[in-house]
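Participant: Residues per chain, in single letters:
There are 2 protein chains.
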Amino acid sequence: MSRTISDKMANLKPSAVREILKVTSDPSFIAFAAGNPSAETFDVTALKKLCDSTLDAAALQYGVTEGYPPLREMLAKRYGTKYGLFNAEADDVIVTAGGQQVINLVAQSLLNEGDAVICENPSFVGALNTFRAYNAKLVGVHMDGEGMLIDRLEAALKAEPRAKLIYTIPTFQNPGGTTMPVERRKQMLELAKKYDVMILEDSPYFELSFGEAAPPAIKSLDTDGYVIFAGSFSKIVSPGIRVGFSVAPKWISSKMTVAKQNQDVHTNGVFQRVIYKWLRDFNVDAHIAKCAGLYKKKSGLMLKMMDELFDKRVTYTRPAGGLFLWCDLPEGYNGSELAKAMTEKKVAIVPGTAFDVNEDVNNRGFRLNYSVPSEKQIETGITILADGIRAYLTK
Amino acid sequence: MSRTISDKMANLKPSAVREILKVTSDPSFIAFAAGNPSAETFDVTALKKLCDSTLDAAALQYGVTEGYPPLREMLAKRYGTKYGLFNAEADDVIVTAGGQQVINLVAQSLLNEGDAVICENPSFVGALNTFRAYNAKLVGVHMDGEGMLIDRLEAALKAEPRAKLIYTIPTFQNPGGTTMPVERRKQMLELAKKYDVMILEDSPYFELSFGEAAPPAIKSLDTDGYVIFAGSFSKIVSPGIRVGFSVAPKWISSKMTVAKQNQDVHTNGVFQRVIYKWLRDFNVDAHIAKCAGLYKKKSGLMLKMMDELFDKRVTYTRPAGGLFLWCDLPEGYNGSELAKAMTEKKVAIVPGTAFDVNEDVNNRGFRLNYSVPSEKQIETGITILADGIRAYLTK
Numbered sequence: 005m006s007r008t009i010s011d012k013m014a015n016l017k018p019s020a021v022r023e024i025l026k027v028t029s030d031p032s033f034i035a036f037a038a039g040n041p042s043a044e045t046f047d048v049t050a051l052k053k054l055c056d057s058t059l060d061a062a063a064l065q066y067g068v069t070e071g072y073p074p075l076r077e078m079l080a081k082r083y084g085t086k087y088g089l090f091n092a093e094a095d096d097v098i099v100t101a102g103g104q105q106v107i108n109l110v111a112q113s114l115l116n117e118g119d120a121v122i123c124e125n126p127s128f129v130g131a132l133n134t135f136r137a138y139n140a141k142l143v144g145v146h147m148d149g150e151g152m153l154i155d156r157l158e159a160a161l162k163a164e165p166r167a168k169l170i171y172t173i174p175t176f177q178n179p180g181g182t183t184m185p186v187e188r189r190k191q192m193l194e195l196a197k198k199y200d201v202m203i204l205e206d207s208p209y210f211e212l213s214f215g216e217a218a219p220p221a222i223k224s225l226d227t228d229g230y231v232i233f234a235g236s237f238s239k240i241v242s243p244g245i246r247v248g249f250s251v252a253p254k255w256i257s258s259k260m261t262v263a264k265q266n267q268d269v270h271t272n273g274v275f276q277r278v279i280y281k282w283l284r285d286f287n288v289d290a291h292i293a294k295c296a297g298l299y300k301k302k303s304g305l306m307l308k309m310m311d312e313l314f315d316k317r318v319t320y321t322r323p324a325g326g327l328f329l330w331c332d333l334p335e336g337y338n339g340s341e342l343a344k345a346m347t348e349k350k351v352a353i354v355p356g357t358a359f360d361v362n363e364d365v366n367n368r369g370f371r372l373n374y375s376v377p378s379e380k381q382i383e384t385g386i387t388i389l390a391d392g393i394r395a396y397l398t399k
Numbered sequence: 005m006s007r008t009i010s011d012k013m014a015n016l017k018p019s020a021v022r023e024i025l026k027v028t029s030d031p032s033f034i035a036f037a038a039g040n041p042s043a044e045t046f047d048v049t050a051l052k053k054l055c056d057s058t059l060d061a062a063a064l065q066y067g068v069t070e071g072y073p074p075l076r077e078m079l080a081k082r083y084g085t086k087y088g089l090f091n092a093e094a095d096d097v098i099v100t101a102g103g104q105q106v107i108n109l110v111a112q113s114l115l116n117e118g119d120a121v122i123c124e125n126p127s128f129v130g131a132l133n134t135f136r137a138y139n140a141k142l143v144g145v146h147m148d149g150e151g152m153l154i155d156r157l158e159a160a161l162k163a164e165p166r167a168k169l170i171y172t173i174p175t176f177q178n179p180g181g182t183t184m185p186v187e188r189r190k191q192m193l194e195l196a197k198k199y200d201v202m203i204l205e206d207s208p209y210f211e212l213s214f215g216e217a218a219p220p221a222i223k224s225l226d227t228d229g230y231v232i233f234a235g236s237f238s239k240i241v242s243p244g245i246r247v248g249f250s251v252a253p254k255w256i257s258s259k260m261t262v263a264k265q266n267q268d269v270h271t272n273g274v275f276q277r278v279i280y281k282w283l284r285d286f287n288v289d290a291h292i293a294k295c296a297g298l299y300k301k302k303s304g305l306m307l308k309m310m311d312e313l314f315d316k317r318v319t320y321t322r323p324a325g326g327l328f329l330w331c332d333l334p335e336g337y338n339g340s341e342l343a344k345a346m347t348e349k350k351v352a353i354v355p356g357t358a359f360d361v362n363e364d365v366n367n368r369g370f371r372l373n374y375s376v377p378s379e380k381q382i383e384t385g386i387t388i389l390a391d392g393i394r395a396y397l398t399k
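Protein sequence lines correspond, in order, to chains X and Z.
Position 285, counted from 1, in the first sequence is what the working numbering calls 289; the numbers after and before it change by one each time, with no gaps.
Position 274, counted from 1, in the second sequence is what the working numbering calls 278; the numbers after and before it change by one each time, with no gaps.
If chains are identical, the list can't say which one is meant, so a pair holds when it fits in one copy or spans any two.
Computed cross-link-like contacts, BS3-like style, restricted to lysine-lysine with a CA-CA straight-line distance of at most 27 Å:
#1 Lys-197 - Lys-12
#2 Lys-198 - Lys-141
#3 Lys-17 - Lys-254
#4 Lys-52 - Lys-281
#5 Lys-26 - Lys-281
#6 Lys-81 - Lys-26
#7 Lys-344 - Lys-17
#8 Lys-294 - Lys-281
#9 Lys-141 - Lys-12
#10 Lys-254 - Lys-26
#11 Lys-281 - Lys-53
#12 Lys-26 - Lys-380
Source of the hints: derived by calculation from the structure; they are not laboratory data.
Between the sequences and the hints, there should be enough to build the whole structure, so can you do that?
Facilitator: Take a look at the structure:
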């Protein structure tokens, strides 16, 4: 009887997206289901050189949990001073194993069982599963093309006396592809203050803008310590190296450090130094602009094909950056049925239910990724998908 | 009011050892307090070459949570077949961010608040803090020179209806330096079965034997799925790269995978491949023998100095492998007072209380590390320490 899974984990399922990817990793599939950056954006030659010049005894030894000090300084400088995103000091920064770990450290440091986390619906499944693993109550707030609806957010905050955290991906949202304008960011921050609730601003995509720079981070508007910022190098350098960072008020940052000590002691020492030197020695902004340019081109092609071929009853977002766009089928249809039908045609899409706060509802949406498929695959895949949608809608 | 730390984390302190290391990282200190392997054991040249040959687009992309498949195969082969340590299949293996992450994944997957974890007292503080963070009740079992006393273990199991896990470091224990003989391992396993409790066998040091191979892993004696094994490359390759592994029954391994997905998605892809090629292409056993030889020499020197210079009322273990030995002051004295006095003499030791299940007791022990200091530092440092002990005992 005592050889049993803990209550918190007993009902938790693996990420539906990662399970779909196992089925569709067959290279004959056209992959619109991934969350990966394009391998074209990996600068293998530069990273090899950086590894070679940084790998030494210090990089191989245990390091401090908070991260390699020069990298923390560099992150504070780049994301704090240079871009004016927030008034970060090196002391506020923790170097993490990707943005995912920030979510986990925040959840562990803040949430008691039964506390409510208010988030966009749909949202990033890796975050939702993390909150579920701490037995938090997930409260989804409906979005329009500009993110969370503020009146609905306030209604949720009013209705939930145990609201502890607002989780948001304000810029180029996953899975929605939407971006919250600065006015709405200010309103969200005001509500956080009014209801005394923290905000976790998850922003792995914000540097990948297709046009003007993204609106200022919510963290940059925060003068009273209500915002924790999660950043990542997964989409601008490489996800395989698992390097991200948090910027958080000290009272929570110090507990996140203790939680990280328990999770992995510290982030890989060689790649903390690689990222440090990459930020120090390379034209990082030019590299990021190149990545964004590639995704702009691919998303443009995908949208052009969709405009031409999709049934007009299907609606979709037009992202200004990032990796994803979101489609809604007409009322009465559901994304899971379509995704299943498309699997037979070897086109992989993720049904909306995978991102839904309520995993059991019929969600009429689905997510498309344009960073991974080639232009040729986008052309072929969207043609097959458009045919599949037409067939499904006439059933 | 809602901007507060979660109950579980509110009272958790950072690792006392890591806090001591911050104070004593001043290079003028003689460091007997560390838990680090010697930098002499890092093969920088080989690791640079391996990085250069493995860093490619696949290594930089997202990978599966369980780990790089060829590495899982290789680990099952080396630790399963070749050494006969356990009947591991690749499916039973998860590649983790060091051995520390195994402890965390097991705790998250198994423990409900209030469940009891029975462990050696003293024990590894990184494990104790992890169990504390899940609000487990820690029950320490007294050790002799051969590990946990089996009658005391059974008494603890009888007294704790909510006992869920036995946590043990059976080989070259941290901090004790003791090794559990095979008979006692069998008895522990029998008790786990009798009381239906899982065992977490944490074994980061077992390959670093000074003489004959260590006794068989408890996992190798386990035919009924009662043991989870935690392994690590921190002490035989490098701790900075954060690579370890678990071998666990499938019902728990599958939940640990979900927990890992939430923590860091997967372990650094480049260094998973580096370890794979290191195991495949290098004379790994010769390298490990070299590391063990170095530590044998250093521990021999330390013990020789202690035998000559220490007050005879101080007792200590004589480790057959690993990185640490443990000293006990006479009754009525305590390790914290000695450690404080030694800080003024610039010799860093860790007081036993840092490893005690009950952090508030006066513990008369202290831990010495011999892997980090040079032979010269061992000679000087033990001389200063012996003088310090004499002064303290005559107070």
